[in-house]
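From first to last, the protein sequence lines stand for chains A and B. First residue of the first sequence: 624, per the working numbering; consecutive thereafter. First residue of the second sequence: 104, per the working numbering; consecutive thereafter.
Among these hints, one or two may not hold up.
Sample of chain B residues facing chain A (criterion: CB under 8 Å; computed from the structure) [unchecked claim]:
1) Gly145
2) Leu148
3) Phe193
4) Val199
5) Ala204
6) Gln208
7) Gly209
These are computed hints drawn from the structure, not numbers from a lab. Positions of the beta carbon are idealized from the N, C-alpha and C atoms, including for glycine.
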Amino acid sequence: AQSVTQLGSHVSVSEGALVLLRCNYSSSVPPYLFWYVQYPNQGLQLLLKYTSAATLVKGINGFEAEFKKSETSFHLTKPSAHMSDAAEYFCAVRSPGTSNQFYFGTGTSLTVIP
Amino acid sequence: NAGVTQTPKFQVLKTGQSMTLQCAQDMNHEYMSWYRQDPGMGLRLIHYSVGAGITDQGEVPNGYNVSRSTTEDFPLRLLSAAPSQTSVYFCASSSVGNTEAFFGQGTRLTVV
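Looking at chain A on its own, in the form it has when it is part of the complex:
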């Protein structure tokens, strides 16, 4: 069975500081990996996804994530936080095969302090 763990349900950073949101997964086979962002009262939109072409994945709004198989991690980073980055972030894995289900972490709420 797949599972996703996001360490830290709330993260606060100062504007201009590094953003680091952690995601670890458990999977018996290499999964597909995703980060989504949810702004207040909106649906989820894709930030980036791991396609196995490169371990460092660049997404929208300056975010990137690095797939580390040895650590079963897919942490999300952004060098310099902006006020508009304040949102809820979800890490997700998708199991290849017939079920194709998505499994989501419990989310990390990012606060950006001016």
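Start from chain A and add chain B according to the hints.
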């Protein structure tokens, strides 16, 4: 492009009432799913479908029914609403394989 469309956006029900949440996608995706989002619990899968005529249960299926008569539509039925079903519901669709899920804007349901 419409993408995934959910209706209604807001709904208040009395305990015991039934209702259907509508979900439609125009991307010809095989895979559709329903999630509920509750504070501190992330998104939990209710039911999913891998194609027309095929549905299966997710993590929290009790109290909900689904059907998939067409590729485009995947309605979620609450049989007898309970306060524990107060939540935000999201419908999502995707192709199979290494592709992302596309989400609707959500339905905020309150059961009183």
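Quick rundown of the hints versus the structure:
1. Gly145: Holds, because the Cβ-Cβ distance from glycine 145 of chain B to chain A comes to roughly 4 Å (cut-off 8 Å).
2. Leu148: Where the cut-off is 8 Å and the nearest Cβ of chain A is about 7 Å from leucine 148 of chain B, the hint holds.
3. Phe193: It holds, given that the least Cβ distance between phenylalanine 193 of chain B and chain A is near 6 Å, below 8 Å.
4. Val199: Nearest chain A Cβ about 5 Å off; hint holds.
5. Ala204: 6 Å, holds
6. Gln208: This hint holds: glutamine 208 of chain B lies near chain A, its Cβ roughly 5 Å from the closest one there, short of 8 Å.
7. Gly209: 5 Å, holds
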